[in-house]
Amino acid sequence: MTSRFTLRNVAVLTLLALLGVAFWTLGSGYTPDAELNRTAAYYAQNTASEIGAQNVVTAIIVTYRGLDTLGEVTVLFLTAAIVALVLGQTKAPRGSSGSGFLPSGELLTTGTQMLLPIILLFGAYVFVNGHLTPGGGFQGGAILASGMLLLLLAEPGRRFGHRIISRVESLSGLTYVFIGVLGIALAGGFLDNRILPLGAFGSILSAGAIPLIYALIGLKVGAEFSSILESLEETEDA
Amino acid sequence: MIALIATTGFALAMLIAAVVALRTRATAVAVIAAGLVSLFASVLFLFLAAPDVAMTEAAIGSGLTTFLFFFVLGRIRRESGHDQ
Numbered sequence: 001m002t003s004r005f006t007l008r009n010v011a012v013l014t015l016l017a018l019l020g021v022a023f024w025t026l027g028s029g030y031t032p033d034a035e036l037n038r039t040a041a042y043y044a045q046n047t048a049s050e051i052g053a054q055n056v057v058t059a060i061i062v063t064y065r066g067l068d069t070l071g072e073v074t075v076l077f078l079t080a081a082i083v084a085l086v087l088g089q090t091k092a093p094r095g096s097s098g099s100g101f102l103p104s105g106e107l108l109t110t111g112t113q114m115l116l117p118i119i120l121l122f123g124a125y126v127f128v129n130g131h132l133t134p135g136g137g138f139q140g141g142a143i144l145a146s147g148m149l150l151l152l153l154a155e156p157g158r159r160f161g162h163r164i165i166s167r168v169e170s171l172s173g174l175t176y177v178f179i180g181v182l183g184i185a186l187a188g189g190f191l192d193n194r195i196l197p198l199g200a201f202g203s204i205l206s207a208g209a210i211p212l213i214y215a216l217i218g219l220k221v222g223a224e225f226s227s228i229l230e231s232l233e234e235t236e237d238a
Numbered sequence: 239m240i241a242l243i244a245t246t247g248f249a250l251a252m253l254i255a256a257v258v259a260l261r262t263r264a265t266a267v268a269v270i271a272a273g274l275v276s277l278f279a280s281v282l283f284l285f286l287a288a289p290d291v292a293m294t295e296a297a298i299g300s301g302l303t304t305f306l307f308f309f310v311l312g313r314i315r316r317e318s319g320h321d322q
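As given, the protein sequences belong to chains A and B, one line each in that order.
Residue numbers for the first sequence follow the numbering used here, beginning at 1 and rising by one.
Residue numbers for the second sequence follow the numbering used here, beginning at 239 and rising by one.
Since the hints were derived computationally from the structure, they do not count as laboratory data.
Among the hints, a few may not be true.
[Said to hold, decoys possible] A partial selection of chain A residues facing chain B, derived with a Cβ cut-off under 8 angstroms:
no., residue
1, PHE77
2, PRO134
3, ILE143
4, LEU149
[Unchecked claim] Where chain A lies over chain B, by a calculated footprint (3+ residues, C-beta under 8 angstroms):
no., stretch
5, 242 to 248
6, 282 to 294
[What the hints assert, rightly or not] DEER-style ranges, computed between Cβ atoms:
no., chain 1, residue 1, chain 2, residue 2, range
7, A, LEU108, B, THR262, 21 to 29 angstroms
8, A, ASN37, B, GLU317, 19 to 27 angstroms
9, B, GLU317, A, ALA200, 51 to 59 angstroms
10, B, LEU242, A, TRP24, 32 to 40 angstroms
11, B, ILE240, A, THR25, 39 to 47 angstroms
12, A, ALA200, B, ALA268, 18 to 26 angstroms
13, A, ASN37, B, THR245, 20 to 28 angstroms
14, A, ILE164, B, GLU317, 26 to 34 angstroms
15, A, LEU115, B, ALA266, 16 to 24 angstroms
16, A, GLY161, B, LEU242, 48 to 56 angstroms
For every residue, glycine included, the Cβ atom is placed at its ideal position computed from N, Cα and C.
For reference, chain A alone in the conformation it holds in the complex (with noise of 0.2 angstroms):
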């Protein structure tokens, strides 16, 4: 029994010492960058003359990197049908909502109420500024979903509407695809944010469609985060 543990007791240790070595090795041979590389230099001169977004983070995903926005928007569509359809398995029955809930306290109901319109409000500020400030459409999204949770957890019993999420989360999605498509037809390529004018630097109607990308990301992120906590919600295991 003791010469078990030990055995597994120094395998544990030599994995250890193995992965020491290997970020040892990386982090010594480590030395910073004295200047920017050339593709971090072109963005960085570039950006302001070709897509006009003050936040040069932003412009890298949303145009530079568009397509593998879409991707990452399309990955996280995936997580959320995926968990509905595990979860959908078992779904309570419509009449027991709320059934063995713990009634969730004054605290939390009266703070939820007075909260819950600030953070919504914070996370379409957040998606809104996107190009002009850090943040941007998931961020701005997961504070909205993190309000619906607040939602959730102060009144367990509550439905959303199905509907309705899954109606932003498609719309969203379809408008977003739609607008790269537009990019071939009127400006240099998919996804392209120079269908529209790029208007003053730093003003919060600038950068072309970048805003309009960035709250349609913002929504669709939403409606996703929100739709998989709602189906964990709405589970029953009973």
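Given the coordinates of chain A, assemble chain B onto it according to the supplied hints.
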């Protein structure tokens, strides 16, 4: 110099929170400690001049995930209470 001390402090706090999350017996403490790891990580991202990543980490890593764990924890307790 101050930035270096602050970064090291947050990194140490992150490690301590991670060890607490692994070693503690109480599930609720472990969930909170795991959330703290994410929160300290997001502060570190901010020090590394990556506010976008920091926002995502704070919203999803320490916000949504922690609440999700508590949500499932409450559900498990409720349903094991039903069985008795």
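Status of each hint after checking the structure:
With a cut of 8 angstroms, the hint placing PHE77/A at the interface with chain B is violated, because the nearest CB-to-CB distance is about 16 angstroms. Among the interface hints, the one on PRO134/A holds; its C-beta lies about 4 angstroms from the nearest C-beta in chain B, closer than the 8 angstroms criterion. This hint holds: ILE143/A has a C-beta 6 angstroms from the nearest C-beta of chain B, less than the 8 angstroms allowed. Because the smallest distance between the Cβ of LEU149/A and any Cβ of chain B comes to about 5 angstroms, under 8 angstroms, the interface hint for this residue holds.
For the stretch 242 to 248 of chain B, the assignment as covered by chain A is violated, since 0 residues bring a beta-carbon within under 8 angstroms of that chain's beta-carbons and 3 are needed. Only when three residues or more bring their CB closer than 8 angstroms to a CB of chain A does the claim for the stretch 282 to 294 of chain B stand; here the count is 5, and the claim holds. Taking the beta carbon of each, LEU108/A and THR262/B are about 25 angstroms apart, inside 21 to 29 angstroms as hinted. Look at ASN37/A against GLU317/B: about 54 angstroms separates their beta carbons, and that is not inside 19 to 27 angstroms.
Judged by the Cβ atoms, the range 51 to 59 angstroms given for GLU317/B and ALA200/A holds: they are separated by roughly 57 angstroms. Judged by the Cβ atoms, the range 32 to 40 angstroms given for LEU242/B and TRP24/A is violated: they are separated by roughly 21 angstroms. For the hinted restraint 39 to 47 angstroms between ILE240/B and THR25/A, the CB-CB distance of approximately 31 angstroms leaves it violated. Between ALA200/A and ALA268/B the beta carbons are some 50 angstroms apart, a value that contradicts the proposed interval 18 to 26 angstroms.
The hint said 20 to 28 angstroms for the Cβ distance between ASN37/A and THR245/B, and at roughly 24 angstroms that hint holds. ILE164/A and GLU317/B have their C-beta atoms about 29 angstroms apart, which keeps the hinted 26 to 34 angstroms range intact. Restraint check, LEU115/A to ALA266/B: a C-beta distance of roughly 22 angstroms satisfies the suggested window 16 to 24 angstroms. Range check, GLY161/A to LEU242/B: about 51 angstroms between beta-carbon atoms, so the 48 to 56 angstroms window is met.
Going through the hint list in order, the structure does not satisfy hints 1, 5, 8, 10, 11, 12.
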